[in-house]
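Visitor: The numbering of the sequence shown is the UniProt record's numbering, which starts it at 1 and goes up by one.
Please note: incorrect hints may appear among the correct ones.
[What the hints assert, rightly or not] Here are the simulated BS3-like cross-link-like pairs (lysine-lysine), alpha carbons at most 25 Å apart as the crow flies:
#1 Lys-100 - Lys-115
#2 Lys-26 - Lys-115
#3 Lys-100 - Lys-26
Everything labelled a hint here was simulated from the structure, so no lab data went into it.
Every value quoted in this text rests on a predicted model; they were computed, and no experiment measured them.
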Amino acid sequence: MTMRTGDDADRAAIAELVEVFFAAFKTGMDAEALRELFLPQATIVRTCGDVPVVYGVESFIRPRAELLDSGRLTGFREWEESGRLDVYGDIAQLFCSYAKSGVQDGQPFTGRGMKTLQFVRTAAGWRISALAWDDERA
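Work out the full structure, taking the sequences as your base and the hints as a guide.
Guide: So this is what it looks like as structure tokens:
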């Protein structure tokens, strides 16, 4: 079987989507722009050493937007460090490391972890169909 790796236009479109995804998590978060990155039925899973928590798009975005707008979390940012993107036809996946930093309730913090994002091509362009992440633990 020959692996198709996607053309440069696909890779650029997905890279832009990933950049918008990571940039969305900041004070004054644009929740609508974040929603547009996902299929409405996307599945989002947080593991982080606990029982996995499964979210829909709204149940994922709403509490994060509220926290970022509450003033309890300031100077927050999250960014991709490195990753591997595989593209085949109308599907793709990114497995990447990421880092984050901010101040929550007056306490500075940093963190790192891994995310896996799955994408599908739609009539409106590439969208996230699934996301899962795990953070480093002490």
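Visitor: Between the alpha carbons of Lys-26 and Lys-115, is the straight-line distance 25 Å or under?
Guide: Judged against 25 Å, a Cα distance of about 18 Å means the pair holds.
Visitor: Hey, Lys-100 versus Lys-26, does the alpha-carbon distance stay inside 25 Å?
Guide: holds, 11 Å
Visitor: Are Lys-100 and Lys-115 close enough, with their CA atoms no more than 25 Å apart?
Guide: Holds, because 12 Å separates the two Cα atoms, which is no more than 25 Å.
In summary, this structure violates none of the numbered hints.
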